[in-house]
Each structure stands twice: as structure tokens, then as C-alpha cells.
Amino acid sequence: MGRIIAIDYGKKRSGIAVTDTLKIVANGLTTVPTHTLSDFIKNYIASESVEKIIVGLPKQMNNQPSENMRYIQPFVNRLRKEIPEIPVEMYDERFTSVLAHRAMIDGGMKKMARRDKAIVDEISATIILNDYLESSQAKL
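Adding 8 to a residue's 1-based position in the sequence shown gives its number in this note's numbering.
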């Protein structure tokens with residue numbers, strides 16, 4: 009069985025989370041500079057079995073795509089062309105940054121550590137993946 013990867017795409021850096029092979033638990037994997045993201049994903053897939061890639065879908069409160077979609081859609085299209093054997097889906101990412109900050113506070117993370125945007129991006133990717141897993145279970 010393959011893992012599921014989730015990406016919290018950003019202009020400068022992107023957070024990445026991954027499931028275990030049973031697709032039960034989502035864990036933060038890393039944060040990478042966005043210009044290296046495609047290569048990172050391809051290298052990861054070369055070493056691990058991956059079943060699906062989930063990319064955070066940025067939406068505004070009125071359900072319209074956010075301005076960031078103009079960066080994300082070309083990336084998703086490129087991934088689909090470069091790795092056609094692995095489905096790429098988009099999943100609503102609203103409030104993930106807020107939830108990531110809340111998780112950091114609730115987890116007792118010090119204020120200086122919470123300023124590290126790379127950690128926020130990785131936690132956001134984990135939240136996207138957890139939400140995706142929960143919604144997939146609800147459909148069963």
C-alpha cells in the first residue's frame with residue numbers, strides 16, 4: 009500500500025506531510041523551498057510508494073479561489089504531467105495556518121519557535137492531510 013502526500017504550497021516554501029503506509033496517521037515530513045518542490049516530490053516517490061498527492065486548495069470565505077491559485081494551478085498541472093501515474097487532488101485548506109498556530113500554542117511551543125514559518129507550513133500540510141483522511145473515512 010502506498011502513502012498519501014499532502015502539500016501546503018507557498019510562493020517561497022511549501023510544507024509537506026505524509027501518511028503511514030496504512031493511511032491512518034498523518035505526520036509532518038519537511039518544508040522545502042518551493043522552487044525545489046517538484047524535484048523533492050519526484051525523489052520521494054522514487055524511494056517510497058505513493059498512492060496519491062493532495063495539494064491544499066486555497067479558498068476565500070465566499071468559497072471563491074484565493075489569489076494564490078494562480079501559482080498553485082500551474083504547479084498541479086505540471087505535477088500531473090510529470091507524474092501521470094499518481095493522482096493529484098486538491099483539498100480545501102481554509103484556516104490551516106490558524107489551526108497550525110493554535111496547535112503550536114496548545115502544544116506548548118515557545119514564542120520564538122512559533123515564528124518559524126517553515127514549521128507552520130509543515131503543520132499546515134499535516135492538518136490538510138488529516139482533514140483529507142477524516143473526510144475520506146466519512147465517505148466510507
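Just so you know, the hints here were simulated from the structure itself, not pulled from any lab data. Heads up, a few of these hints could be off.
[Said to hold, decoys possible] Mimicking DSS-like on lysine-lysine, the simulated pairs with C-alpha atoms at most 27 Å apart in a straight line are:
(1) Lys60 / Lys50
(2) Lys119 / Lys89
(3) Lys31 / Lys60
(4) Lys89 / Lys50
(5) Lys20 / Lys67
(6) Lys125 / Lys60
(7) Lys50 / Lys118
(8) Lys19 / Lys89
So, going through the hints one by one against the coordinates:
no.: 1; hint: Lys60 / Lys50; verdict: holds (13 Å)
no.: 2; hint: Lys119 / Lys89; verdict: violated (41 Å)
no.: 3; hint: Lys31 / Lys60; verdict: holds (11 Å)
no.: 4; hint: Lys89 / Lys50; verdict: holds (12 Å)
no.: 5; hint: Lys20 / Lys67; verdict: holds (19 Å)
no.: 6; hint: Lys125 / Lys60; verdict: holds (26 Å)
no.: 7; hint: Lys50 / Lys118; verdict: violated (34 Å)
no.: 8; hint: Lys19 / Lys89; verdict: holds (21 Å)
Of the numbered hints listed earlier, those contradicted by the structure are 2 and 7.
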